[in-house]
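Chemist: Chain by chain, the residues run as shown.
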Amino acid sequence: MVDVGQPAPDFDLIDHNKRQTTLSQFKGRKNVVLSFFVFAFTDG
Amino acid sequence: MLGISADSRPTLAAYTLSLGPSLSYPIPLLSDFHPHGRMIRSYGLYNEEKGTSLRAVVIVDKEGIIRFKRTYTTVLKAGPTGQGEVETDLDPADILAEVEKIQRFSTTRTG
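Protein chains in written order, with the numbering used here: chain A, 1 to 44; chain B, 1001 to 1111.
Calculated directly from the structure, the hints in this document are not laboratory data. It cannot be assumed that every hint is accurate.
Subject to a maximum C-alpha distance of 20 Å in a straight line, what follows is the list of computed SDA-like cross-link-like pairs (lysine to any residue) [unchecked claim]:
id, chain 1, residue 1, chain 2, residue 2
1, A, K18, B, H1036
2, A, K27, B, S1042
3, A, K30, B, M1001
4, A, K18, B, H1034
5, B, K1077, B, D1089
6, A, K30, A, Q20
7, B, K1050, B, T1073
8, A, K30, B, I1066
9, A, K30, B, E1098
10, B, K1062, B, E1098
11, B, K1062, A, L23
12, B, K1077, A, F41
13, A, K18, B, G1020
14, A, K30, B, G1064
15, A, K30, B, L1096
16, A, K18, B, L1019
17, B, K1050, A, D43
18, A, K27, B, I1102
19, A, K18, B, Y1025
20, B, K1062, A, N31
21, A, K18, B, A1014
22, B, K1077, A, F39
23, B, K1101, A, G28
24, A, K30, B, S1106
25, A, K30, B, K1062
26, B, K1050, A, V38
27, A, K27, B, K1062
28, A, K30, B, I1095
Go ahead and model the full structure; you've got the sequences and the hints to work with.
Modeler: Quick look at the structure:
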């Protein structure tokens, strides 16, 4: 399992507006906060 | 800031619409629906029993290195006037502190 200090696995997913989003598009430009949640329409 | 769940994209779109006017939701919500949970699994945050993500925050620095990773739980309780309130064991201050630490380090290093 990946943990602190290790490279974050890249991903290629679409967002709710159909925009393609990869982790690598932020490399060298932005720090990224990833917020994982269980289900939409719930308390988290 | 990106949100991620194993919900389908239309579900995420409907969710943002339920919270306000079209296209105004400020955070991209990424759908890891098919193949189900592949990205979430790669971060070790997939709940095999429920088929969903765990609740977690991961901070990745500009170099692509994980600097913070924490799972958390929430409890929905009745607030003072009976409305639902979410209690959590993740302190938002911890996340802000880590982001500030990374930004300070980055500023120092690049001058």
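Chemist: If a hint holds in the structure, say so; if it doesn't, say that too.
Modeler: Here is what the structure says about each hint:
Restraint check for K18 of chain A and H1036 of chain B: the C-alpha separation of about 17 Å stays at or below 20 Å, so the hint holds. The hinted pair formed by K27 of chain A and S1042 of chain B meets the criterion: a straight-line CA distance of about 18 Å does not exceed 20 Å. A C-alpha spacing of about 10 Å is found between K30 of chain A and M1001 of chain B, which places the hinted pair at or below 20 Å, so the restraint holds. As the CA atoms of K18 of chain A and H1034 of chain B are separated by approximately 14 Å, the hinted pair is consistent with the 20 Å bound.
Between K1077 of chain B and D1089 of chain B the alpha-carbon distance is near 14 Å, which keeps this suggested pair within the 20 Å criterion. At roughly 17 Å between alpha-carbon atoms, K30 of chain A and Q20 of chain A fall within 20 Å of each other, so this suggested pair holds. Under the criterion of a C-alpha separation no larger than 20 Å, the hint pairing K1050 of chain B with T1073 of chain B is consistent with the structure, at around 15 Å. Simply put, K30 of chain A and I1066 of chain B have alpha-carbon atoms about 13 Å apart, close enough for the 20 Å limit, and the pair holds.
Pair hint K30 of chain A plus E1098 of chain B holds up; C-alpha atoms about 14 Å apart against a cutoff of 20 Å. Of the supplied pair hints, the one linking K1062 of chain B and E1098 of chain B holds, its CA atoms being roughly 13 Å apart against a limit of 20 Å. Among the hinted pairs, K1062 of chain B with L23 of chain A is consistent with the structure: their alpha-carbon atoms are about 10 Å apart, no more than 20 Å. Between K1077 of chain B and F41 of chain A, the direct Cα distance comes to roughly 16 Å. Compliance with the 20 Å bound is thereby established for this hinted pair.
Our distance criterion of 20 Å between C-alpha atoms is met by K18 of chain A and G1020 of chain B, whose separation comes to about 18 Å. Between K30 of chain A and G1064 of chain B the CA atoms are separated by roughly 9 Å; this keeps the pair inside 20 Å, and the hint holds. A distance of roughly 15 Å separates the Cα atoms of K30 of chain A and L1096 of chain B; the hinted pair therefore holds under the 20 Å criterion. For the hint linking K18 of chain A to L1019 of chain B, the alpha-carbon distance of about 18 Å falls within 20 Å, and the restraint holds.
Of the supplied pair hints, the one linking K1050 of chain B and D43 of chain A holds, its CA atoms being roughly 16 Å apart against a limit of 20 Å. For the given pair, K27 of chain A sits about 14 Å from I1102 of chain B by alpha-carbon distance, which is consistent with the 20 Å threshold. Proposed proximity of K18 of chain A and Y1025 of chain B is supported: the alpha carbons are some 14 Å apart, at most 20 Å. A C-alpha spacing of about 5 Å is found between K1062 of chain B and N31 of chain A, which places the hinted pair at or below 20 Å, so the restraint holds.
For the proposed pair K18 of chain A and A1014 of chain B, the alpha carbon gap of about 13 Å is at most 20 Å, so the pair holds. At most 20 Å may separate the alpha-carbon atoms for a hinted pair to count; K1077 of chain B and F39 of chain A meet this at roughly 18 Å. Among the hinted pairs, K1101 of chain B with G28 of chain A is consistent with the structure: their alpha-carbon atoms are about 17 Å apart, no more than 20 Å. The straight-line distance between the Cα atoms of K30 of chain A and S1106 of chain B is roughly 10 Å, inside the 20 Å bound, and the hint therefore holds.
In summary, the hint linking K30 of chain A to K1062 of chain B is supported, as the alpha carbons are separated by about 5 Å, within the 20 Å threshold. Simply put, K1050 of chain B and V38 of chain A have alpha-carbon atoms about 9 Å apart, close enough for the 20 Å limit, and the pair holds. This hinted pair checks out: K27 of chain A and K1062 of chain B have alpha carbons roughly 5 Å apart, not beyond 20 Å. With a C-alpha separation of about 16 Å, the suggested pairing of K30 of chain A with I1095 of chain B holds against the 20 Å cut-off.
Checked against the numbered hints listed earlier, the structure breaks none of them; every hint is satisfied.
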